[in-house]
Amino acid sequence: MRLTCPLCGDRDRREFHYYGAEVYADRPDAGAALDAWDDYLHLRDNPAGETRDLWYHEIGCSAWIVVTRDTVSHRILQTALLTARQRQVGKFVYQEGDLREVPAKPGAATGGERP
Amino acid sequence: MRIAGKGLVDGSATIGFRFDGRDYTGFAGDTLASALLASGVRLFGRSFKYHRPRGVMTTGAEEPNALVTVGRGARAVPNVRATVQEIHGGLEARGQNAWPSLGLDLMAVNDLFAPFFGAGFYYKTFMWPRAFWERLYEPLIRRAAGLGALSGRSNDEAYEKAWAFCDLLVIGAGPAGLMAALGAARAGAEVILADEDSRMGGRLLLESHEVAGRAGADWAGAVLAELGAMANVRLMTRTTVTGAYDGGTYGALERVGLHVANPSEDLPRECFWRIVARRAVLAGGAHERQIAFANNDRPGIMTAGAVRGYLNRWGVAAGRSVTVFANNDDGHRTARDLVAAGVRIAALVDVREDVAMAGDFPVHAGARVIDTVGRQSLREVVIADREGRVSRIASDCLAVSGGWNPALHLACHMNGRPVWREDIAAFVPKPGMVPGMRVAGAANGAFSTQACLAEGLAAAAAVLDDLGFKAAPVDLPEAEDGAVRIRAYWEVPGATHRAWLDFANDVTTKDVRLAAQENFASVEHMKRYTTLGMAPDQGKNSSVTALAILAETTGRGIAETGTTTFRPPYVPVSIAALGAGGQGRGFAPKRLTTSDRAARERGAPMIEAGLWYRPSYFPRPGEATWREACDREVAMVRDRVGVCDVSTLGKIDIQGPDAGRFLDLVYSNTFSTLKPGRVRYGLMLREDGMVMDDGTTACLGPGHYLMTTTTAAAGQVMRHLDFVQQAHCHDWDLRMISVTEAWAQFAVAGPLARDLLNSVLAEPIDGAAFPFLACGEVRLMGVAARLFRISFSGELGFEVAVPARYGAALWRDLVARAESLGGGAYGMEALNVLRIEKGFVTHAEIHGRVTAFDIGLQAMVSGKKDCIGKAASTRPGLSGPEREQLVGLRPVAADRAIAAGAHLFDEAAEAVSANDRGYVTSACWSPTLGSHLALGFLRDGRARIGTRVRLVDHLRKAEVLCEVTDPVFFDPEGGRARG
Amino acid sequence: MASLIETTACEGLLPVATQDVTLGELPFACITSVAPFDGRQDAVAAALKAMGLGWPGPGQSVRAGDAACFWAGRDQAFLIGAAPEGLAGIAALTDQSDGWARMHLEGPGAEAVLARLIALDLRPAAFPEGAVARTGLGHMMAVLLREGPQSFQIMVFRSMAGTAVHNLHQAMRAIAARAAV
Ligand SMILES: [Zn+2]
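Residue numbers (this note's numbering), protein chains in the order written: chain Y, 1 to 115; chain L, 1001 to 1979; chain A, 2001 to 2181.
Think of the hints as simulated: they come from the structure by calculation, not from any bench.
Ideal placement from N, C-alpha and C gives every residue a C-beta, glycine not left out.
Keep in mind that a hint or two might mislead.
Chain Y stretches covered by chain A per the calculated footprint, using a threshold of three residues with CB under 8 Å from any CB of chain A [as the list claims (entries may be wrong)]: (1) 4-13; (2) 59-68.
A few chain L residues that don't get close to chain Y, going by computed Cβ distances all over 12 Å [stated by the list, open to error]: (3) V1276; (4) A1727; (5) A1871; (6) A1909.
Examples of chain A residues lying across from chain L (beta carbon under 10 Å, computed) [as the list claims (entries may be wrong)]: (7) S2003; (8) S2033; (9) A2082; (10) P2084; (11) L2087; (12) T2094; (13) D2095; (14) D2098; (15) L2114; (16) A2115; (17) L2120; (18) D2121; (19) L2122; (20) Q2153; (21) V2156; (22) H2166.
The following block holds chain Y by itself, in its conformation from the complex (with noise of 0.2 Å):
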């Protein structure tokens, strides 16, 4: 399995410590309610398809990351760094020019069954 870090390129997955969930990184506020913070920490989703979690770039640049990834065919839609991720109402977007497309993996359109 490879992974494209934003800064350092296509890496094996090898350097990378996965960490779970993107929510992770919604922090609620200090005063928010028991609930939101048992939320926070123990609560997860587990979809079959597109889901984004968070890698860590540990044998590399020491980046966090958010990967797009589909986990019913495992292909890796996205990735881009956790500081590009900016707090909008309700849902979270990225800065433009800190989004890395995964370059047409092996396959992406290709292989025979084209989309």
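Using the hints, position chains L and A with the ligand against chain Y.
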């Protein structure tokens, strides 16, 4: 038997080798199988369960029968396929699964009891009583059954792993693979061509086909010569691609030194490659299938393609009188090639009635083989003609072709399912099952040479298009283009004896029917019930036939029945190759301090702390045990002065206007108020409220801090700090970097610590100028250094840090000075005793399940600010009397030893888990207090100080009555450290 | 008063050589990590420019004579072989001179040796001269720089010098043994 003038082996180079204790010779280019066949050897091994005699069946990596053990002693490798092992001088191989010898195998008695050993026999018979399974049945079965045996000893030979990258990985160098590689390489793509054989060419080496008007092998040689001369091509012979993984990564096993006589110790036996390829073309060919009939496993019964392969490539006739049995035209090729080479064809038996084959031999159309005769080797073939008339044909070799199965395994490694093609009676891959991979040639169900060449070239063109290369001209050569003519035919009906499917695991057609009958009717259940496909060939020779029979038995179609899941590896991979580079320092790097050599010179036994190696103690003459050395070192620190290397602690340099604010967030206590020149102890929580780590942080200047972490948690803390900063406050202005390795740092502790330091410092210090928890820059012996007044021993203590290149020299110097003051070096054992006496925690206590409250440091969670873990640490259940709290434990009888791991119970309670009140985390003998001491966690422990608990060590069968105390046993006021 | 003797990270370990690859220790050089503070990126680049260098982009290095500036990770570069003049206050600076074992691997088989330990595409097109990577050498964090067609600089943590030399030498010997077959 060799046929003069046939084959591609070098008849001028004779090579001697040993098999089963006898000397043989072969030629350069021979495999163990071809050389032994040429020497007339028919019996290669015994089968798994019934110890039936088994001979070689194929020419390739799919071989189920000819499994041998190569090498001796710890270096013996079992289950080597004789069809893959090349001969070399010094090769020593032996047949397997027979005792005392291949010819006379006493375990063959199993075969007589065969009626009792059907599918599921073990499951049914050895179910009860349960305890017997472990103690009796399993060891018994394991001794009797099993393929080759491991030596049980560690193999010291070199194995290797490596990485490679390319635009295109071509898997298989037959006609399709060669054309794919040539097409892509001429256009400038970086190509890796991997083939499992020692010589590339694939089926072209085994057939008598011509390509572009030349012998197939010659054409292949010319293409390989061109490819070999190109800088953008890497030819990897003896390399089997074993798995297709995510992101265009492929695993491949290269046999590097297995064919070399007297290899250097440095030469890897095998190399496991991870090949990252933008595109791949699978051109791995196909495997010929057997047809199931009674006694179809005798030595001498082979695939038809193998019989002519041995002739065409190795010049070996597999028999003197060969019968061919087929359901397709491929058998006819074998007959033709053998006749042309002067080998007698006893008969051609074809199940098809409309077969037209002319030749100087009897042709039995619409007939079938119903049995065979011969004990350790085939003697006669029994056939029934279309009217059912039985006749016997004297024959020492039976060449069987039941059709071909495309080797599509790799295409299915990412859970793709192949599709059934009725017209060629074979499963073929669906396009796109592995992203980036195309399948060409026989692996794709294109069986003629012409079709292979064309599909290979077309695959290259498609890959070049994908990757944006401009195709270069490549001519498509002309070759044989026969259509596939086959009648699906899986087994000869009405067998009176066992008809074998999985030759290695001894699974018969009857076993498959039994599975269906007992409702293990799904193909995955059938596989596990019968163990079909679970031998080293992983079903390559049996799986499709078995599922066709299963389909017939259950009344389903073959397509509906489907295949089992294909998983890597495609061929057996030795654990040594998979784990290559993972032994010794390859498993975990050794981190050595600058004082490492000096410590070892003093005879200090080293212990691992994370990846670091630290001295346990420094033995002196006359000390008989580690305890004597440890007691002396503790006393030395308490009474004089000791020196200890503490460089392994993590050191993180944090700078910036927001650095103090950041420390306030990651530490439970406040650091933004810390003044330059001062040090503070800090407690770090995880977000879930548990203690993560502790350590001291020094303020080196305005907005400049040096954090220390524990040795073991340094990596975790760095990762955590990076996360907090990048996730929660990336707009705060601060920068962090580890400086652990840049500094050698030594603790100097004891009443004489200041005297020792003043003998090396350029400017002496005193208690007023350098009080407890001070820090600053100093010069010593001409070097700029950092000095911290901190203590992990409870004594007057300092830590002095110098650039690491001076560490070795400074350590020797400090220890010499300490010794002249009546002190010396101390190691981890003494350090541990010193801190237990003081009640200081380590990761034995902060083990991931304790809160600040539990260790009595709840006051360090500042109420004035937020911090990581603060919210969670206030949740119900993480504080209060129900928590197990840190306490000291002291045996009522001081000489009674305590061991860490023991559990605590109320004095009168029974020592069962329901009554468990806590446990011991650290224990030692305290020479200072003349008593055993321990730290541990006890429910509501702080309220129980002064009472007694019973400590029970179930593991070591010990029981000690202890008094519960404050965790600080020694100098509770801390006057010694502050003095 | 006696002065302290310096010990290099690879003392007693290097050089080692096989038929076509050599591994040696690079001479001591001052290494400073440079991490520009917020909004001071341009000032840092200018200060480096004044030294004849410049701020390296991710995966790159800038050289001037004996001095060099390597990209060394997120918002961070290593200034090697030159004092960090004009950088105080605009960038976080730490002395890393002693933190690393610095080695030099050279020879026709150098790339093949590294392929045994590094999961990185080191083909010249993907990793050209001057390219820098923070990556793993075996299980060790490493900084890798391509100096030329057949030469690399390798930096690992000082404490792991022995393991790095052992692993590299083992790979060198394996490559040599393959060539001898
Ligand atoms: Zn990175």
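Note to self: Output the indices of the hints that this structure fails to meet, ascending.
What the structure shows: Failing hints, ascending: 3, 4, 5, 9, 10, 11, 20.
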